[in-house]
Amino acid sequence: MADVLIIMTMGLPWLGALAVWLTGDRRPQVQHRLAVGFALAAALAALLLIGSTSSAVELRIAVGGAFGDFTFVPDGLGVFLAAVATVVGGLAVIFSVDYMHGEAQLGRYYTLVLLFIGAMAGLALSGSLLLLFIFWEITALCSYALISFYNDDPKAVAGGIKALIITQVGGVGMLAGALVAYVYLGDYQISTLLSRHQELPSGVLAVLAFGFLAAAAAKSAQVPFHTWLPGAMEAPTPVSALIHAATMVNAGVYLLARFYPVFEGVSGWTTAVVVVGVVSALLAALMALFATDLKAALAYSTISQLGYMVYAVGVGAVFASQFHLLSHAVFKALLFLSAGAVIHAVGTRDMRQMGGLGRQMPFNRAVFIVGALALAGLPVLNGFWSKELILEHGLHDGPAWAYGGMLAGAGLTALYTFRMVWLVFFGKSRRRDHVHDAGLMMRVATGALAVGTATTWLLVGAFGDLLEDSLPFHSLHVEPAGALLEEIVTAPATLVALLVVALGLLAWWFRDRLAWIGEAVPQVGQAAAADFGFNWLNRQIVDGTARTAEALRTTQTGYLNWNVLGIVAGFVVVLVVLAVG
Amino acid sequence: MSALNWVTLGVLGLLGAGLYGLLITRNLIKVVIALQILVKGALLALVAAGQASGQINLGQSLAVTVIVADTVVAVVGLALAVQVKRLVGTLDVKALSNLRG
Numbered sequence: 000m001a002d003v004l005i006i007m008t009m010g011l012p013w014l015g016a017l018a019v020w021l022t023g024d025r026r027p028q029v030q031h032r033l034a035v036g037f038a039l040a041a042a043l044a045a046l047l048l049i050g051s052t053s054s055a056v057e058l059r060i061a062v063g064g065a066f067g068d069f070t071f072v073p074d075g076l077g078v079f080l081a082a083v084a085t086v087v088g089g090l091a092v093i094f095s096v097d098y099m100h101g102e103a104q105l106g107r108y109y110t111l112v113l114l115f116i117g118a119m120a121g122l123a124l125s126g127s128l129l130l131l132f133i134f135w136e137i138t139a140l141c142s143y144a145l146i147s148f149y150n151d152d153p154k155a156v157a158g159g160i161k162a163l164i165i166t167q168v169g170g171v172g173m174l175a176g177a178l179v180a181y182v183y184l185g186d187y188q189i190s191t192l193l194s195r196h197q198e199l200p201s202g203v204l205a206v207l208a209f210g211f212l213a214a215a216a217a218k219s220a221q222v223p224f225h226t227w228l229p230g231a232m233e234a235p236t237p238v239s240a241l242i243h244a245a246t247m248v249n250a251g252v253y254l255l256a257r258f259y260p261v262f263e264g265v266s267g268w269t270t271a272v273v274v275v276g277v278v279s280a281l282l283a284a285l286m287a288l289f290a291t292d293l294k295a296a297l298a299y300s301t302i303s304q305l306g307y308m309v310y311a312v313g314v315g316a317v318f319a320s321q322f323h324l325l326s327h328a329v330f331k332a333l334l335f336l337s338a339g340a341v342i343h344a345v346g347t348r349d350m351r352q353m354g355g356l357g358r359q360m361p362f363n364r365a366v367f368i369v370g371a372l373a374l375a376g377l378p379v380l381n382g383f384w385s386k387e388l389i390l391e392h393g394l395h396d397g398p399a400w401a402y403g404g405m406l407a408g409a410g411l412t413a414l415y416t417f418r419m420v421w422l423v424f425f426g427k428s429r430r431r432d433h434v435h436d437a438g439l440m441m442r443v444a445t446g447a448l449a450v451g452t453a454t455t456w457l458l459v460g461a462f463g464d465l466l467e468d469s470l471p472f473h474s475l476h477v478e479p480a481g482a483l484l485e486e487i488v489t490a491p492a493t494l495v496a497l498l499v500v501a502l503g504l505l506a507w508w509f510r511d512r513l514a515w516i517g518e519a520v521p522q523v524g525q526a527a528a529a530d531f532g533f534n535w536l537n538r539q540i541v542d543g544t545a546r547t548a549e550a551l552r553t554t555q556t557g558y559l560n561w562n563v564l565g566i567v568a569g570f571v572v573v574l575v576v577l578a579v580g
Numbered sequence: 000m001s002a003l004n005w006v007t008l009g010v011l012g013l014l015g016a017g018l019y020g021l022l023i024t025r026n027l028i029k030v031v032i033a034l035q036i037l038v039k040g041a042l043l044a045l046v047a048a049g050q051a052s053g054q055i056n057l058g059q060s061l062a063v064t065v066i067v068a069d070t071v072v073a074v075v076g077l078a079l080a081v082q083v084k085r086l087v088g089t090l091d092v093k094a095l096s097n098l099r100g
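Chains A and B are the protein sequences, given in the same order.
Just so we're aligned, residue 0 is where the first sequence starts under numbering that gives the first Met the number 0, counting upward by one.
Just so we're aligned, residue 0 is where the second sequence starts under numbering that gives the first Met the number 0, counting upward by one.
The reader is advised that the hints may include incorrect statements.
[To be verified] Chain A is nowhere near these chain B residues, computed Cβ spacing over 10 Å in every case:
{"id": "1", "residue": "SER1"}
{"id": "2", "residue": "LEU42"}
{"id": "3", "residue": "ALA68"}
{"id": "4", "residue": "VAL81"}
{"id": "5", "residue": "LYS84"}
[As the list claims (entries may be wrong)] Sample of chain A residues at the chain B side, in silico, Cβ under 10 Å:
{"id": "6", "residue": "THR556"}
{"id": "7", "residue": "GLY557"}
{"id": "8", "residue": "TYR558"}
{"id": "9", "residue": "LEU559"}
{"id": "10", "residue": "ASN560"}
{"id": "11", "residue": "ASN562"}
{"id": "12", "residue": "VAL563"}
{"id": "13", "residue": "LEU564"}
{"id": "14", "residue": "ILE566"}
{"id": "15", "residue": "VAL567"}
{"id": "16", "residue": "PHE570"}
Because the hints were derived from the structure by calculation, they are not lab data.
Just so you know, even glycine gets a beta-carbon here, dropped at the ideal spot from N, CA and C.
Between the sequences and the hints, there should be enough to build the whole structure, so can you do that?
As structure tokens, then:
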């Protein structure tokens, strides 16, 4: 039963991609229906798969030879991420029916989106490192193609290429890790690595650990690899919601959580993870505070929230990180989709040109505020519970400076969230023309996500059992739901965090009186607007690589005789090595 | 000197002559000829290695396969030479550096 569901979860989106492609762009109505149908069927299969969670290999495809078997393991982490990817993906596809209405080349759009959803489900369920890498790269390619979807816009093309290159750099780290594991263990299976990692020499394990950390940081847009995510906002908004908030960026956190038992003993690894998380959370929150592009602000807040998850893994709170991943996937998809409805209505992403839209888009304002409250971490929405859980674990098990940083990040989050809501929906209207509220399909998708934002925290007990029962190597001990929730509510960490969040709110309320801070230290604002120099750093690395490649051109003479000389020289070197070694 | 040593000497001689030819010539026809000499050396080496290791069948069947592939190389190489002469007007390989990096 489980094997059929695994095949359906991965295969239905891919089948749908093929069907939409073959339908052709002359019948957009059929394309819309096919895409929604297949995406929802996959989501249903993924939800049913939760019922047959197990830590055993349920589907094995023998490919023979050096590659080992391609296996699929529907354990708690895997089915959970597959369900998030397919359900949020399904809602994004529903939203697209309105958002992409009348756009050209719908076939390309839906095909890539469905291909992406299937690959993401495969990535989550894969039980083999090699297969994990393959799905990892398929998601990167789909993300590249979707960011550059409007391929006559040079900014979109540049953003796509940037995302592809940066995630590839991380992908190399992952491939290196997989190959090292294969060389020492003779097997690509993830379960082998989890159970026999003691056999690896410590130096090799360190290479593996930091290679995977680089891969995760690049995929999850963590410092210093985060610069691709704001550029990725050139994509159609449902894609931003799907790939750059709810699913693909989570793959990095998933990777860290999946291999946490292997790497926790590597000296310096957990500290490095905590540093990456804290720095990302704080810097991105500052950048979100100064962003003027609505989607860029949301992108920076995604980096910041992913920083919280990475930090949680670093302090050993794997369950808390996955719980926040669930909350974040739901409320950030909600924020992105309702922001998409705004952008669709007003035709710009610049928040300075919005304002006072709440009266004209009451439904959209309501759902956006639900998402914003969850992002700011206010009770009783899902973001509150998961963020408090992370902060509580951080206070118990993590270093104090990191906890302080994350606490400050929570305050900043509240501040930039309310700035965003205010600029878009309240205040004086800065436009004359009338705008329409979101369409029916947009309301269906955002409404469902708003309900999810208010309720997914109720699943904490079931989710804890799911992870605890099917992850034999993580030795998780999740308390029952009642005790866990009570603990969160009564913990002093919660009060402190709420106080900081309230401070963030007050700071926005009294922003006029606090303006002197911004005027006193204008460097902070300028540095945040300039991405703290990371884009400059990127540019330097790219230019350096290009210059090296230019310099290497001289070795390509194009003359046959020189090439033969090179071959002979290489031959001699091989002979000498063989003779000496 | 045993027979095998003579054959080895022959292999080295053919390989050396072929590589030398490839290094110094700029005429496309001569390049094909030099390649042929080189491959003949490799053929001889295959047969000799089969004899030396006691797997003469393997060595000879590999050699026959190489003869087939090698013929194709010669045919395609000469056909290319004809086309190059037609299009560029010369057989000098130095004229064929359009794709230089």
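Cross-check of the supplied hints:
Chain A leaves SER1/B outside its interface by the beta-carbon criterion, the shortest separation being 22 Å against a cut-off of 10 Å. For LEU42/B, the non-interface assignment is confirmed: its Cβ lies about 18 Å from the closest Cβ of chain A, beyond the 10 Å cut-off. The Cβ of ALA68/B sits about 18 Å from the closest Cβ of chain A, beyond the 10 Å cut-off, so the non-interface label holds. With a cut of 10 Å on Cβ distances, VAL81/B stays outside the contact zone with chain A, its closest approach being about 18 Å.
The claim that LYS84/B is not at the interface with chain A holds, since no C-beta of that chain comes within 10 Å of its own (minimum 16 Å). Using the Cβ-Cβ criterion of 10 Å, the hint placing THR556/A at the interface with chain B is satisfied: the shortest such distance is roughly 7 Å. The closest approach between the C-beta of GLY557/A and any C-beta of chain B is roughly 3 Å, which is under the 10 Å cut-off, so the hint is satisfied. With a least beta-carbon distance of about 6 Å to chain B, the hint placing TYR558/A at the interface is held under the 10 Å criterion.
Interface hint at LEU559/A: satisfied, since its Cβ lies 5 Å from the closest Cβ of chain B, which is below the 10 Å cut-off. Here the hint on ASN560/A is kept, as its CB sits about 6 Å from the closest CB of chain B, short of 10 Å. Because the closest C-beta pair between ASN562/A and chain B is about 9 Å apart, less than 10 Å, the hint holds. At a threshold of 10 Å, the smallest CB-CB gap from VAL563/A to chain B is about 4 Å, leaving the interface hint in force.
At its closest, the beta carbon of LEU564/A sits 6 Å from a beta carbon of chain B; the interface hint therefore holds under the 10 Å criterion. Interface restraint check for ILE566/A: the shortest CB-CB distance to chain B comes to about 8 Å, inside 10 Å, so the restraint holds. About 6 Å separates the beta-carbon of VAL567/A from the nearest beta-carbon of chain B, less than 10 Å, and the hint is met. Against a cut-off of 10 Å between C-beta atoms, the interface hint on PHE570/A holds, since the closest Cβ of chain B lies about 9 Å away.
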